[in-house]
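Participant: All chains, please: the whole structure from these sequences, using the hints.
Chains as they are written, first to last, in the working numbering: chain A, 188 to 608; chain B, 19 to 239; chain C, 662 to 1342.
Bear in mind the hints are in silico, worked out from the structure with no lab data behind them. Take these hints with a grain of salt, some might be off.
Unchecked claim - Only part of the chain C face toward chain A is listed, based on derived beta-carbon distances under 8 Å:
1) Gly985
2) Leu1028
3) Ala1034
4) Pro1158
5) Thr1161
6) Asn1168
Note that the coordinates shown come from a computational prediction; the quantities given were computed from them, not determined experimentally. For glycine and all other residues, C-beta sits at the position ideal for the given N, C-alpha and C.
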Amino acid sequence: MFSRLLSRLGLFAAPLFALVAAGCSKADLTVRQSTLDPKGPVAQMQYDVFMDTVWLVVVLFVLVGGLLVYAVVRFRSRPGETAAPIVEEGHGNPLVEIGLITASIGALVFIAVPTLSAIWYTDDVPAESVPKSKLSAWYGQPLDKAVAEQVLEIDVIGKQWWFRFEYPQLGLTNDAKHSVPNEMVIPKGVAVRINLRSEDVIHSFWIPKIAGKVDLMPGRKNRMWIQADQVGHYYGQCAEFCGDSHAYMLFRVEVLEPADFAKWVAAQKADAAPVAAGSKAEQGKNLFAAKSCVMCHNVGGHFGAGAFGPDLTHLASRKSLAGAWLDNRDPKAQRALEQTSPLGTEASVPVDRATFKANLIKWIGSSGIAAGADGQPTKDVKPGNRMHYYKMFNVAGLRETHQKLTADELDALAEYLLTLK
Amino acid sequence: MSQDAAHHAPTSTGIDHKKLIMWLFLASDCMFFGTLISTHLLYRKLYPTGFTDAEGHQQFVQKLFNIELTSFSTFILLMSSFLMALAVSAMHKGQLKSFRRNVVGVIFFGLIFLGCQVYEFTHFYHQGLTIQNSVLGSTFYVLTGTHGTHVAIGILWLVMLYFYSFTGKLGGHVGALDVEVAGLYWHFVDIVWIIIFTAVYLVEYLGPSGIWGNGLPVLAK
Amino acid sequence: MSHDAHHAPVASKLELAPERSDLGLYRPDRTRGLLDWLTTVDHKKIGVLYGAFAMLYFLIGGLEALAIRTQLARPDQTFVTARMYNQLFTMHGTTMIFLGVMPLSAAFFNFLVPLQIGARDVAFPRLNAFSLWAFVFGAFVLNASWLFEFGHLAGWFDGFAWHQALTYTDFAPANGWFSYAPLSGTFGQANAALQAPRFTGVGTDFWIIGIQILGVASLAASFNFICTIINMRAKGMTMMRLPVFTWMTLVTSFLIILAFPAITVALIELMFDRQFGANFFNPSAGGQPVLWQHLFWIFGHPEVYILVLPAMGIVSEILPTFSGKALFGYPIIVFSGAVIGFLGFAVWSHHMFTTGLGPVPTAAFALLTMAIAVPTGVKIFNWLGTIWGGRIRFTPPMVLALGFIWMFMCGGFSGVMHSAAPADSQQQDSYFVIAHFHYVLLGGVLLGLMAGLYFWFPKIFGRMPNATVAYVASGLVILGFNLAFGPMHYLGLAGQPRRTHTYHAGNGWEDWNFVATVGAFILGIGVFMAFANLVYTAFKGPKCSSDPWDGRTLEWSLPSPVPEYNFAQSPVVSARDAFTEHKHGTKRIAYEADGGEAGVHMPSQSWMPMLAAGGFLFIGFGMPMMAMGIPHAGWIVVSGVAVLFAGIWFWALEGPGGYMLKTPAVSPTPAGTPAASTSAH
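Facilitator: Quick look at the structure:
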């Protein structure tokens, strides 16, 4: 009976094991959002605690699982055996029980200690990291004295379905018309404090290779700290269910050398260059105003009214679009690089203009206010996004009166946006 | 209210099914009110400044409450519990008339309590506290309103028992038990009110600005 | 006194004379067929109904799961829309927890508890029927949201003014089973109609009222079971002689009555936010969304044990039976069950490690969570101790029970990993969590419940399920399950967040998602086969003896199917595992001199529990229709409350009724006693 069962189970189990064995070789531990490939002290600490639990569990698994298998095999009833059940009340064995309970508690202490130390370590920038991380230690530009003694702080504001990044110490804020949407930039090797806010529902900020997640709670101020020790392009994603397009709420983190970071900050503060008169881009710029884009979007130097939507002043320099869902780089080149580069997923190819333009047309064309090249609204890139649900803002009727974009207008708009380096 | 249990042989514990299930319900109801009261207290601690009155000024909750009236209605509810105890005792002795007299008293006092609550709600509403305009309004009305609903259900139950007593079917051990179970419920609702009265009303009077606030205006949320 | 039980005893309820209740209405005692099932107060029939509905919803929830997996099989799929996906996972979670596992556990509670403690019914038979119908109607309300959703997608409502006025048009809930505010709640100032802006449509209102109704059903049932277990034990059935399944029922019921009030209040507060513009969770008015999470998980974590403990109880019955050996360390198993239940109230915030609790609470909840691993481990050790030195007979229930231990152990291990809060901040809301709780709830609980179904099915219907089909189905379930959820450990660690309806190629998630989908379909086929086997058996299966497994507890001493009076004479117990002692040991089950020609008292059937519960149907449809803005929908709610109160009023006034049923003559030998041991006395 049992052997028949065993062979039957084996029949099922064999392909399973084959699959697992085949899979393990493929299971790349350094994929884009891998938590097993830490690139900073916070993720490293979290990884170390995780590995502690893994080792504990492996040992327990072998012990308990082994005993279970042994018991099932050893104490199976043999064919022809007809003895009556053993009749005795199961009192157990106090010595065994207490021994096992004590052992379990001991095993848990093994993970409790690193857990506790990691909880405090990951809570805020540790004192030993502050001296080398304060702005005066690495940031070249002249700074306010009080600010210079602080570590860099970045405000992360979550909205359905994109992130806005602000650097209040460096003057990059939404109020100052210099906020940074969807692609956060941080300097390498120094601690950064992240302040998390939400303007609508709960979101969660997660860059697996740099730090575990902390939620953005509306009506509450959360905080975390991060540090990346390797230059590169990192992938992050909202990790708390936040409505229709939750899956499309991605973001990127660009880690730069401190000197490059300072240059980037200076560039962010610059306004957009004027567009050439009589160009297609100028036509697009006029459309940008006429079709109400300007109501939500800020373009430094061109339009300053918008504060609700992502700041577009430096749109054309960004590697992604639509909450980082659409990639503006050449996807093939990027995949090829990731497979060959020693840096793996942290390496990045530059923006590809053709891809970018196609993305822009797809994105704007799908937002309910414009038609695609064939005159029909394209499929939603991000269902429920605010460009679509314009009636949220009491500007009802815009769709019927002003919001039809022809394919040609869409093209002009994209040309204009691509000038915003 | 089910009388299914009446026929069964003596129970394993000697406690009647109906009494036991009422105790279990009350245990659950403790958690229910505990959650509501916690919600209220947590928000009081978080936003200690009170409420915005009809003129748009920040006000202490003390200004809103009419502690004399609430103390009176609390006293009335306590007295109703006393009458309820008399009604239960009358029922145990088989004195149906005395039971009816006392139960009418309980119902009457319960109605006075509800009347005070209705008056209080309207008064607060006109003073500017609504369920929509502040967290305090939400927690206060839902907490005390839920308690009021409990009182109203208790009154309905007692009214039913009162009329039932005229059918001649309310009597003996089973009848006394039915009344006793209703009494347990009534006493519980009273005790909960004592806690609400303390946690929601009285603590606002500890010190000049209540237990939560230490001066106005702290926060104009 | 309102007893109507003075009639002469009858041999069958069909022989009863027509009889009016105190209300003057005929009692439905003499019904048969459908009317009998609708008015029944027999705990066994109620148990079967719970089981049938639970299996139906398991299949519906399973189909939802397969739709989810189909969407995720390949990157950038468009099998369903983003919103439909969100609705699918919301309803999948809600259905499996509240309409699948809980009612299936309730089916076992209902059928087994009175039999195991030697009682003839539960303490409040009509309340029991009320619980059943409240569950049925609540489940219907919840799932009716799909009908509205499909009607909306098909454009049936397009012509109506109320439909055109809706900003959000999700009719099936898309808020997740956890329903975090403010996504499920409001944001901003309420308008004159007391409606504040929100993020989700009436689907959430369906969800709120549906869960509220199901909560009433669970609470009423739990009061009843605690009362039954504490108060209706046969003579000699001390608390420490209770079968472990009954013990776990008791602990579970206590968890329900203490945990459900938190969600009830949270739902009331959320409902006030949505329907009346209150500010409990409205951040723009000072409400704290984190409060919703606390209230939800103060309920939600005990809920996990509400789901798991009954399965643990089932396994604790099956392992001794097929090991031919008493449960190892009975007192410790019972005690650890109670400790798990108690500690279950002290670990809720481990679901909230990423919400910014601060280091001290995080540390405290991390340590408490680790602590709960100890009693859980104790159970596994004791199950091991039970089979150790026994003689293990392999039968479908035993194989499933062993599978339960294995899968539950794996789920427990990943649970220990979550307790380390810093590691959890990487795993929270990733596929790793999905893998973890499916190992616990599917590999653990579902296998346990399936083991229970195969174990007690012969008792319930007197027919034996086909063992070969059962083995194949179990094999498919275990294989498919591991194939579906094993890879999710990797996916989570590779950074795939849960509740996302699609993902790009290039993240390294493609292959394992495909494997998981294949596994899910194998699992689906396995579960369907197992259920089909059972349904077939219920009607057509081969008859079997009343004690086919050499059972250990009182229910096996009864004929199969169990007669409506359960025990012809009330048993008097003198040992734990009373029936094993009776058959193989020295301590016999004695019987009281009741029943026989004098008959035993049977409760009357009644329409009132269903009528009262029917009020919930009106309330359940009325509240969401109010939220839709359908004119006069408020009156549906009002009439629902009226029906509910009228039902309870009539119920109270109709009198309990009851009649005397003759049972077979006094006999010291319980049915099913093996011939070998009958000769001994």
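Participant: Next, verify each hint and record whether it holds.
Facilitator: Evaluated hints:
The beta carbon of Gly985/C is positioned within 8 Å of a beta carbon in chain A (closest approach about 4 Å), and the interface hint is therefore held. With a least beta-carbon distance of about 6 Å to chain A, the hint placing Leu1028/C at the interface is held under the 8 Å criterion. The restraint placing Ala1034/C at the interface with chain A holds, with a minimum CB-CB distance near 6 Å, inside the 8 Å limit. For Pro1158/C, the interface hint holds, since its Cβ comes within 8 Å of a Cβ in chain A; the closest pair sits about 5 Å apart.
Contact between Thr1161/C and chain A, as hinted, is supported at the beta carbon level, the nearest pair being about 3 Å apart and thus within 8 Å. For Asn1168/C, the interface hint holds, the least distance from its beta-carbon to any beta-carbon of chain A being 5 Å, beneath 8 Å.
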